[in-house]
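Q: Here are the chains, one letter per residue:
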Amino acid sequence: MEWNIFSQETRDVIIKATGLTKRYGDFVAVDGVDFEVYRGECVGFLGPNGAGKTTTVRMMYCFLPPTSGNLSIAGFSVQADDREIKCVVGVAPQEDNLDVDFSVVENLVVYARYFGISKVDALKRADEQLAFFQLQEKRDMSVEALSTDMKRRLIFARALLNNPQVLLLDEPTTGLDPQVRHLVWDAIRQLKKLQVTIILTTHYMDEAEILCDRIIIVDHGKIIEDGKPKELIKRYIGETVLELDYNEALIPIIKETFSDARVEVVGELMQVFTPKPYGVFESFLHEHRIQNFTIRKANLEDVFLKLTGRGLREVD
Amino acid sequence: MNWKNVYHLIQVERKSGRLLRGTNPSKYKENRFSAYWPYLLAVVIGVVAGVFALFLSGILPDAIGVDIQSYAPYVFVTLPTIILITSTIMGMLYQLQRSGVKMQAEAPYWLPITWQEHTLASVIASILGIPLGIVLFASSAILVFSLFNGLLLLAIATSIAMFAAAFLTSILTEIIRVLQVRSMGAVHKSGGKSAIWIRFIGTLAFFIIFYVIYLTVITSAGDILQTLTNIQGSLFYIPFIWLGLALSNFFISGSALLGLMYTLLSIAFISALYALAVLLNKRFGLYEPPAIKIQSGTYTPKTGILGKLGFSTIEAAIISKDIKAFTRRKELIPVFITPIVFMVISFMPSFGSTDAAGTASVDFLMPFAMIFLLPVSFMSYMLGSFIIGQEGQAIWRIYASPISAKNLVKSKYFLTMLFGLIILVVTGTIGAIIFKPTLTMLSVAILEALFLLFALGAVSLYTGFRGADFIEIPKPRMIRQSWMLISMVACALTALAILAPTMLLILPILLGEFGMVFPSINPFICVAISAIVASAITGIFYKLNLDVAKDFLKKAEV
Ligand SMILES: Nc1ncnc2c1ncn2[C@@H]1O[C@H](COP(=O)(O)OP(=O)(O)OP(=O)(O)O)[C@@H](O)[C@H]1O
Ligand SMILES: [Mg+2]
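From first to last, the protein sequence lines are chains A and B.
One point on numbering: in the numbering used here, the residue at position 2 of the first sequence is 176, and numbering is uninterrupted.
One point on numbering: in the numbering used here, the residue at position 262 of the second sequence is 793, and numbering is uninterrupted.
None of these hints come from the bench; they were simulated from the model.
Just so we're clear, the structure is a prediction, and the values are computed from it rather than from any experiment.
All C-beta atoms, glycine included, are put in the ideal place defined by N, C-alpha and C.
Careful: at least some of the hints might be erroneous.
[Unchecked claim] Quick list of the computed label-pair ranges, beta carbon to beta carbon:
#, chain 1, residue 1, chain 2, residue 2, range
1, B, 826, A, 442, 50 to 58 Å
2, B, 570, A, 452, 55 to 63 Å
3, A, 268, B, 841, 33 to 41 Å
4, B, 841, A, 242, 36 to 44 Å
5, B, 569, A, 452, 25 to 33 Å
6, B, 543, A, 356, 47 to 55 Å
[Unchecked claim] Computed far set for chain A versus chain B, every beta-carbon distance over 12 Å:
#, residue
7, 210
8, 223
9, 269
10, 275
11, 336
12, 415
13, 439
14, 472
Make the full structure from the sequences, and use the hints.
A: Listed below in structure tokens is the structure:
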């Protein structure tokens, strides 16, 4: 948000993808995408399952070589300078890949040492991260004894050991309870303050809306939208959403009453989207004696569902 | 200093103190009387005690010949020190109670309260309660007692000194409290540690104080009070006693100058302690949730033992990680068991023919060569083939970190060599003991074993890279079956190539058994040829390993 004070040109591009493509055999997982990420920005990759988010992230940390196209991180190309990139990138992968042979703290220390950090410093950093992620009490336990959320926290902590400039978080909050989710959010906010560039993939729209400066929506390996959360909501959805039980007869009336509204049917639910504020529906609801309804602010989830078009049909 | 703030903060502290002690807050009613009656009671009891003492001082001299009146000043001047001791103990106990509580009231964060106010409030709040009760009791008792016998001035001074003493200990308690909060933030392992620490120091202080009092009483049963005064005098270098010293100099020894000095010193000491408490509070008075730390700039690591051997920090990391992991993985046990089995197999048959020791016969040579060469070869072959694949899912870490092909090959190869060498030392020692070979035979055997170790390690590591299989479920595979076979054949061929020259050594013996004569060759010529073959193979495969590792690190698709 503070970025507004900078003009586009003075911003420092830290990640740049052009025509980035990844094929698995005939299947195209990432299909010629172009995007840029600026230093200190937090960008959210949203998309349905199998959209290609993890594949994109994996290419960023040089885990998967792109089939074609270019991808550069901090000025280095993933094809040529993978070691330089790995030095500045921190990764919290989607899957749990902690080493069961080692204890909690050893998992951190062993990994940190792979970055050329001496044992003494690795231990110090590991303890700092354990303190932040509230895992001190589990320090010397086997990772097998950790619950799901503790494992996620440990994986997050591990990603910070090499003091990364770019942090790749692949669904960092999936399967976490609200409390732990807030701990992770707090971590992300603090890291943003420290000017760490963050790439975040998530299925939680509220999370993306709160944390991300910019959202990239992907589906079938293609970028279908890229913008600030607020702008996307305004552009695609408007301001207010009215939700009511499906009633065929009401549709023409709604169309007539609210000329600028859009009506969509999702299963047994009807949604009316309008750029107008809250009060606009009042007299209509009153007039037609509608009891069962919700009026809420439009959110990113509406944008997401509209753009990825899952289970929706629009009524013209 | 805004006194209103201090007053409000004291109220907050008192209430939270009650909550901490577990007093039911819903039942608790904050009314003046219920909050202050204990102090009133203390004063009443004090007055009664004073009257009683006065009464006693009237009758005792006649009854038992003890003149309370003349002892009184000695009692008075030690009172501040006694208050100091008791309220220190009280403060310690109070801190003990609180040590389990992590959170502090974080008012200074969001209210316009200065640290001076916060500290003062906290100090006063911990005087309230039992310490204040004791001071009030003692003051009212001595004041009443002194009303009619000319000791009033001393009694007033003593009362003031007692308040000062209580204040002093309270500051001390505050300092301990802050340090405790600090240690909770700093000791990462567990908050419980600092609680133990406080308990330990508290107990220690308690016993020391108790012991001092006990000793004093024992050694001077006759004249306790005078002794106490004397002890106080002899401990003049302890600032906590200066209050009592001021009193005794003014009123007992009558040296006003010294009295004034100790008074000023006391004030200075209390102020200094208070300033320290404020400073500590300012620095780390609040429980600070740990923040995420990310350092920028370049990092230069320190080098350890492996570093001195020429390994980079990353290589050393891989080596020490693997050594640690080896001891914890069941599926690697066969790697270590197989060589031992081979070792046993190789010297089993030789037991029957120990008399052949040292003689150059086939019966002797075969088991001798086997014990030196077989275990180490198998170790090299198996470890080299498995050492990449045994990473399993943890290979991700190697992909995600800036490990170069050179780092990876160097450390993995070194590990294979390390374990091979250990096996060689063990089997070699056993072989040398059993077979008692000549020095030449021993050196040939050892050198050939080393050649095999180096070359087979390089060859099997190559197959280990090519055939690496990271699947861990249902059981770790480590290397694909086909590559395991390839590895076996390649290692067998390599071993043959290296050992071929030594056949020239065995040939005369073999032919000799058939009665033929063959000129014997200097064994070290054969060894030299072996060495050339071995180093060529090792060099070529080491280079191949670097190339394959480069590819391997590029496409991590697991
Ligand atoms: N190694 C592979 N071989 C073949 N196909 C793959 C491979 N890895 C991923 N895919 C396919 O590529 C597509 C994109 O996968 P990806 O994991 O990037 O999706 P995603 O957006 O992260 O999904 P999710 O939200 O489930 O994590 C999927 O259809 C997946 O089946
Ligand atoms: Mg994914």
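Q: Could you check the structure against the hints above and give me the numbers of any it violates, in ascending order?
A: 5, 6, 9, 10 and 11
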